[in-house]
Every structure is written in C-alpha cells, then in structure tokens.
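Input sequences plus hints: build the corresponding full structure.
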Amino acid sequence: MRARIALRSVFVTTRKDIKIYYKKAPVWIFGLLLPLFLFLAFFIGRDLDTRQYFPGFLAMSLFFTASSVGPLIIPWEKQAGTFERLLSYPVSLSTMVIGDILAGVAFGTVISLIVAVIGAAFLAIGVADAMMLFVFFAVGNLCFAALGTLLSASSGRVPSNTMMLSALVRFPLIFISGVFVPLGSIHGAGAYLAYASPLTYLVDGFDHSLGVDSFVPASIGILVLVLYSLLFFGLTIVLLRRNLMKGL
Amino acid sequence: MGEIEAVGLVKRFGDITAVDDVSFSVGETEFFGLLGPNGAGKTTTIRLMTGILKPDAGDIRIDGIDLLADPFDAKMRLGAVPEVGNIYTDLSAMENLDLVGRYYGLSKDERRQRSKALLETLSLWDRRNDPLRKYSKGMRQRVSVACALIHEPPVLFLDEPTEGLDVQSRRIIVDLVKQMNRKGTSVILTTHNIDEASRLCERVCIINHGKIIAISSPEQLRMAYEKNLAVEVSFNKKIDRCLLEECTPGEIEEWGDKFRLLTADPDKTIQKIMEVRKEHDLKIVSIQTVGPSLEDVFVKLTEGPR
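Going down the list, the protein sequences come from chains G and R. Its first residue numbered 32, the first sequence is counted upward by one per residue in the numbering used here. Its first residue numbered 10, the second sequence is counted upward by one per residue in the numbering used here.
All clues given are correct.
Ranges of calculated distance between the beta carbons of each label pair, as one might list FRET restraints:
| # | chain 1 | residue 1 | chain 2 | residue 2 | range |
| --- | --- | --- | --- | --- | --- |
| 1 | G | L224 | R | V19 | 43 to 51 Å |
| 2 | R | E312 | G | V189 | 35 to 43 Å |
| 3 | G | R35 | R | V16 | 23 to 31 Å |
| 4 | G | F73 | R | D79 | 50 to 58 Å |
| 5 | G | G157 | R | D79 | 49 to 57 Å |
To be clear, the hints were calculated from the coordinates, so they are not data collected in a lab. Beta carbons: idealized from backbone N, C-alpha and C, even for Gly.
So, in structure tokens, the structure goes:
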C-alpha cells in the first residue's frame, strides 16, 4: 500500500512538473537556446572538426536541458504557496524530489534526442556503440536532473536567486569538462578539475559511443555518473529538510 | 470517521519554541477551532498535524493512524487548506482538481464526477476551464477548498480559509465545510475571526506563545468569565462619557452610539444610569446587560507582552 502510494506520488509529481513548468520561458531560454548559442559562438568562423566536437555539444545540450527546470521548480512552488500544500498530500520529500528529477530526465531526453537525430542527419555522425550511447543518455540525464534539483534545494522562494546560483555552477562546468577543449589537451590542474566534473564523464562517454577518442573506460564513466546522481539526490534531501521553512 | 489526536507536540526553530507541549484531541465529526494571536503557534501546529513539518517531540494520530510512523496512509485521510495561495494559477479549476485527485489515487470517473459536484456547489462550474490567474481571490480560495475535499477526507484542516474574502465567497466556503462536517468530516479550523469560530466550533483551543491556555466550548469559556459583565446603553442624544463615570467603577467604552460600562454589579450600574438620565433629561434608546463575548475571553487570555 505504502509503496504504491509512494510510487504514485512520484509519477503524479513528474506529470505535474511537465504539465506546468516545461512551457515556461526560462526553461527554454536557459535549457536550450543558451547552449545552442554558446556552441555557435564557439564554432562560427573557426575551422574545427564538427564531428569531433559533436559529442561535447550533445553532452552540453543534455546537461543544460536536464538541469534547466530542476533549479526553478521548488522556488516557483514556494513562491506560489503550492510547495506547502504538496507536502500535505500523500507524498514525501524524497518522492517529490524523485518526481522532479524524472521530469528533468524526460525533458533532457527529448531535447537531447532531437539534437542527436539532427546531428546524425546533417553531420553524418555514426554510432560506434549504440548500447553505451543509450546508457550514457540515461545516466547523464539522471545525474544532471539531480544536479538541477540540488541547485533548488538551498533556495527560498525567489527564482532569480536560484538562477544566479545555477549559472554560477553550470557555466564553469562546461569550460572544464572537455566540451570545448578535448580532454586529451587538458593538463596539470585543469585535468584534476576536469576529472572532478561529472560532465567530463558524459562527454567522454559520448566520445566513446560516437567513435571519437575517449580516455576513461565507459564502465567507470557510468559508475561515476551514478555515484554523482546519488550524491546530488542525497544532498538535495538533506538541504531541503534543513531549508524547509525557508520561503514557506 | 475521523479522529485527530495530538500528544505532547514540540517544535523548535533554533532557540524559539514555536509549539510547546501541545496536546488535544478532536472527536469524530467535531468542529474544532484553534485560536490565537499572530505568532502564537497555530500555523506551526497545523503544519505538524498535516505532515508538512516533523515535530521535535510528540505523537499525532489521524483517523487512528500514526502520522509519523505511517505518513502516506495518514495523509490519505486528511485534507488541508494551508494559509496562503496554494493552487496552480496556470491551471484551470478542473485541472487543479484532477491533479489533486491523482495524488489521492482517484479514478478518472471519480475525479470528473467529484470535481463537477464540488465546482457546482462552489458556483464555479461555468468558469471551470479558465486558468485560475483570471479568478478573483475568493474564487481561487473556493478552488483551494475544493482541492482539499476532492478525496472526501474524514479529517479536514483549514488554516484561515476565509481571511480577506468577500462575503459571498466566505458564505459559500463556510456552507460547504459545514455540510462536510454534517456528513462526518472532523474539522480543525484556525481563524482570526472569533465570531466565525464562535458560530462554527463546538470547542475552541486558545493558544499563545506555543502553549495551550484554554480549551473548551465557546459557551463554557464565556461562562468562565461571566463575572466580566457589562451594561450597554444608548441615549437619544450624544453625551460626554464623563457623565457616566459615577455609574461604574469599571471601564467605559464607546461602541458607535452606545456606551459599554464594564461592571460586576449590573443592577447598581443600571440604577445609576437612570439617575443620570433623569438629571440630564435624556431618553434611553436601548439598554441591556451583556456577558463577555468569546472575543473578550480571547483578549483576556492572550493579553500581556507577546
């Protein structure tokens, strides 16, 4: 009975998030348009091998879309007073957060699949390991959707504050994770930073799956992304419990 | 049907004890009021009892189920209207009710039928598909109450449900809640509107500084303060209150065109008023002896430094 109610609360929360929040402008601007413009700014006018950089672009697109709505849901809910009400329904903080994460996964999957299909069609990108591509899609979305909810966990009821925090965390990550500079070209302290970033393992995993040189064994990459997902989820719950009254 | 039990509830925020050893029980089909000044701990108590916050100590049972040990099952049995906003203004009334119905596991037919019945009762059926951002505050609050009732809970918590609403919305909400109560729902209401509490509640609990300071029926609370009687009088023309100062050793208050003379001996006060009337050639328009209102009792119990 309890498991059924808990499972239901997860899926109803996911459905609610998709229905209400994915139509909002900030989600599309910060989740889709911004990474696209970043990529164009990097590539236009430069003689770069698009096929070599495509896995990085795909990873960046997945990273931004999966983590775009998570930071905003809880501040929006707190601002509207719906957060308090949600907690009085048969839900728990954990099931609510899992529901939010799954909504991020759904958004990230749809958008990054569109990017992958367009890339495959126009850039003639071949798939070297379809199974690993699928797995990296799944764990990558899970990891960065969890990061999105973590970014919202310490916030109150002002979405713009969360957006600032979100930008502060997400933008540096794309510059240290092998998106614009191949992982093999990063040395010294930069390499330590790169290997501390979860995005690095997704970029490298996509490199492996799409036949570009990769540096980390795929199984290690998957394990790291799963561990980061669990860490982000755990931290989200701890911070949400601590900040529960903030903005209520 | 729903019983509610709180035993030894404690909730601290840092050094502040917001709820301090609060215990009470609400019987099946009882209408129970939680009164107190701002910051007294009412909303925190409701948040504890609806599973929004976890207490630092104490137990809560909702319809016989331990809320802390089995929160999912306990929450299935309660409906709550929190203090603010709390519905999705991007969605329509039907969509809000559908969403809440899904959380409680109602079938599609149940969601549709109950939404229709509730929105008709709340005079919102014609506007059912409009997004709530186009609704007035009163209409939104009606939807909020409907959301708390869609699963027909045996226990209902209402935190200031009629605060700042127009008369029509207030009446519609109060009528619906009374109807649910008659059908068997136990209700806990927090309100600043003491008149409303006095009319609706079988028992009220007055809370201040996080502690319960009185718990009884409104009538019994008034009777406990029966010694605080007053005589209300109005004359055919305006007079200075100093003319009445000899009539009572207690305070004199001006209430519109009436004077309210607080007294322990109404008979003697009335005699003195008659003397003033004769001496100054006045006519009495109305005169009556009144006991303390629930508001008087509330003020008496909660006055002092906060």
